[in-house]
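**Q** Order-wise, the sequence lines are chains S and P. FYI, in the numbering used here the residues of the first sequence are 1 to 98. FYI, in the numbering used here the residues of the second sequence are 1 to 387.
These are computed hints drawn from the structure, not numbers from a lab. There could be a bad hint or two in this list.
Stated by the list, open to error - Listed next, the in silico EDC-like pairs over lysine to aspartate or glutamate satisfying Cα-Cα at most 20 angstroms (straight line): (1) K273/P / E205/P; (2) K55/S / E29/S; (3) K329/P / E21/S; (4) K61/S / D227/P; (5) K274/P / D173/P; (6) K366/P / D332/P; (7) K10/S / D343/P; (8) K61/S / E71/S; (9) K55/S / E71/S; (10) K369/P / D332/P; (11) K215/P / D95/S; (12) K366/P / E140/P.
To be verified - Some but not every residue of chain P turned toward chain S, in silico, with C-beta under 10 angstroms: (13) M228; (14) P233; (15) I238; (16) E247; (17) L250.
Predicted model only: the values in this text are computed from it and were never measured. Built from N, CA and C at the ideal position, the CB exists for glycine as well.
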Amino acid sequence: MSKSQAIVMKASDNVATAAQELLPATDIEVQVNGVAVAVHVTEKIPFGHKVAIRKIAAGDKIIKYGEVIGEATTDIQPGQHTHVHNLGGCRGRGDWEV
Amino acid sequence: MEFMGYRRPDGAAGIRNHVLVIPTVVCANQVARGISQAVKGSVWVEHQHGCSQLAPDAAQTARVFVGHGTNSNVYGVVVVGLGCEVVRAQEVAAEITRQCPYKPVHCVIIQDAGGSYKAIAAGSIAAHRMVEQASSLAREPIAVSELILGTECGGSDACSGLAANPALGAASDLLVDAGGTSIISETPELIGAEHILAGRAVSQEVSDRCIATIKAFEDNANAMGVDMRGGNPTPGNIAGGLSSIEEKSLGCVYKGGTRPLVDVIGYARKITKKGLIYMDTPGNDIEQLTGMAAGGCHICIFTTGRGTPTGSAIVPTIKVASNTAMYTKLTDNMDINAGTIVDGEETIQQVGQRILAEMIRVASGKLTKAEILGHNDFGIQRIGPTL
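Isolated chain P (complex conformation) (with noise of 0.2 angstroms):
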């Protein structure tokens, strides 16, 4: 099996050509934007962090503007700061430009502009040429083993559990046995299926990072003195049909498919192995998928039962609806409908099938209904307070 993807001279595919523009912090994101929709074929990130921030969190918040700028599916990446920060811009771009030696990069710091405009201007400059020069490469055949595919599930309701996780599960293990890699995450919803995971890790290593990781995120919510239940599951999810953590998280499991768990990681850390992995992040949706996205991935594969809007700037986002009234109400966000299951006209297996199929027209360029509603979602995971 093979897509329709772009070559990178490391060796890497993409399956967009993406130019970034990233402010490494807060008070750079209206620079950004401004550079962004100057330039037409560029995408921009918004965020709160960048500065006031604990070494870890501030570590954590650079790794995710590095993984953003050094992803396969971005051609160039122009990096925006204000010149005080505590992230610094110009390390940011020097790190892109360390790991990703051939991708053009280009920083502007606003104090040294001279401004606003002058820094939009420059920056606009620089993403003309870089779109310029990425709407002239080709796309050739890649296999689908280099392909990475983010598994994610919001808005989740009862039938999410029955039907599109389990056939994203089946979707997640063709990849797999083709030779790709497929991430599952959101550690609050594995709560209560950590057995499920953990009994499938190739090594013991594998299996107890799984289950301390678990476990260090519900001792968190425990160390907070209150029930999970209103945060999580969320009330939405409750109006659905779920009524604990324990029965959120069995349905969730079902995205990782039944392969064997291969390696646990960091949030946002690069994804290096094939086959099934997990990272650790946080439910929410739009951390999530940016942690997933920082960590390579090129295509997100997003089931929702209540409907979600979600999709990033540079990774792809399939939504696949749990279920048929669902899917029929929220045209404008449902990508593939898996209440087809439900309602007995297919099996998990043929609905894994489709979502391959789709997965494979994405990747050669296929535009999501996110993308063409022109989402550009991106959270940072938050370690400690702001300063």
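Looking at chain S on its own, in the form it has when it is part of the complex (with noise of 0.2 angstroms):
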């Protein structure tokens, strides 16, 4: 096993989480079920936080774990940082309903 720059959980993810800090202007590669995808990270991704690695339009769900955690609240690029300025949850949300 060698040191990856960033982990894919599920083949279905459009998101992958930081293993260290990614700079802007860097090419990345990502493991997706054992096939190699390179991601362009165009922001600074902090440790831990998650970059896109697909586009993701603007309402579309974002999937990690191959699990839905939540909605684009806007067009989101690959590479691109996906964290709570671009990303809505979809559950206990109370503001919705009032």
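From the two separate chains plus the hints, produce the assembled complex.
**A** See the structure below:
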């Protein structure tokens, strides 16, 4: 095993988790089900944060662990930081009920 | 597989021999602390409850005290009451004795004793005698199938779900396969992952209870008319990379491993079945740990990404770091590093084996860092308003 720059949990995921800080304008490779996928990182991704590995349109589901972790609140390009500024959770949302 | 533990007269197995001082009401906290400080080898807890509580809260508070007193890691108990509170110290002491007739239990009421110093003196004499007796007991080999493990995660980061929680899940599976018991809890941190847990239930009835318990919690949160975010995931979780409650939950649920879900039980309810059990607790670390201890768990394994010092007074709490940077920084508090998974040095299974080995060492007497620090964290989940 070698140290990954970012970890993808399931093949259906559209985000990867940074295993180290990733800097803007760097090219990384992530393993998706044993296949290396190239991602051009466009923003600083802090350790533990998510980077989009595919284009995600506003309103699309964001998938990690092969499960829905929220919706994109804006269009997200591959290589972009995916966090609370462009990802909204779908659950525990009392603010949607009132 | 065996550990070296204490065999109680009713056949229960314990991994510690604590003499526990419990105040049944907030007003008795100082006396309980005074007793414990006077008697080396005793431990105490303190809290804000025991009076001015509606019946469901009072009953839950009493159940937590009784559960701590009857926990098989506890050799004997000194119960301290004030004398005019809702949760009666005499009744708590009597219930511990009813459930564990062999256990030394001493009850001190401050108003009857004639004040704080006299109550501390009476409680100290009783605790002193218990510590003397407890320290003469010898450990003996006991099968790991008798161990009840509480799993917990707190101060999570994005690596918790990648490393520490799946590794704890692997350890939990190993324990369950050996015939032991593992508790998963933290209901708000199962929101969004309930289908994974319920899908493993041994029956439709257990599956339905799992889903209903989690839905009830989410409905309660939604009734407040706010986004859970900020409360959970916490600001620290968000700084660590977690973006939503679903993401946190999907990482959390891994710590329960992959074995069938055999039962769903309420907060601080007694663990009576073997295998994987889901206890309905809040996500708050201390309230969760307290509920699992009251349910009878022997040992807790607590995964953390941000770094959390928590430890129960009576349940040894092993801290597993999800990332190497935090493990290296928080050496005072971390027992095990699972960050080796993210570093590419070990597999989830290898770390799971390492966690199981440490669990057996701690069950046999090795102190956790939280124990060495003297942690006695204790918090009771509240249901309704204080009167």
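**Q** Each hint needs a verdict: does it hold in this structure or not?
**A** Each hint, compared with the structure:
Pair hint K273/P plus E205/P holds up; C-alpha atoms about 16 angstroms apart against a cutoff of 20 angstroms. Note on K55/S and E29/S: the hinted pairing holds, with a Cα-Cα distance of about 16 angstroms set against a maximum of 20 angstroms. This hinted pair checks out: K329/P and E21/S have alpha carbons roughly 18 angstroms apart, not beyond 20 angstroms. For the proposed pair K61/S and D227/P, the alpha carbon gap of about 18 angstroms is at most 20 angstroms, so the pair holds.
Proposed proximity of K274/P and D173/P is supported: the alpha carbons are some 12 angstroms apart, at most 20 angstroms. Under the criterion of a C-alpha separation no larger than 20 angstroms, the hint pairing K366/P with D332/P is consistent with the structure, at around 16 angstroms. Taking the CA atoms of K10/S and D343/P, the gap is about 19 angstroms. The hint holds against a cut of 20 angstroms. The suggested pairing of K61/S with E71/S holds, with an alpha-carbon distance near 4 angstroms, which does not exceed 20 angstroms.
Of the supplied pair hints, the one linking K55/S and E71/S holds, its CA atoms being roughly 13 angstroms apart against a limit of 20 angstroms. Taken as a hint, the K369/P and D332/P pair is honoured in the structure, with Cα atoms around 7 angstroms apart against an allowance of 20 angstroms. Between K215/P and D95/S, the direct Cα distance comes to roughly 17 angstroms. Compliance with the 20 angstroms bound is thereby established for this hinted pair. Distance restraint check for K366/P and E140/P: the Cα-Cα separation of roughly 15 angstroms lies within the 20 angstroms cut-off, and the hinted pair is therefore satisfied.
Contact between M228/P and chain S, as hinted, is supported at the beta carbon level, the nearest pair being about 3 angstroms apart and thus within 10 angstroms. For the restraint placing P233/P at the interface with chain S, the shortest Cβ-Cβ distance is roughly 9 angstroms, inside the 10 angstroms limit, so the hint holds. Below 10 angstroms, beta-carbon pairs count as interface contacts, and I238/P has one with chain S at about 6 angstroms; its hint therefore holds. Hint status for E247/P: holds, given a least beta-carbon distance of 4 angstroms to chain S, under 10 angstroms.
With a least beta-carbon distance of about 4 angstroms to chain S, the hint placing L250/P at the interface is held under the 10 angstroms criterion.
Checked against the numbered hints given earlier, this structure breaks none of them.
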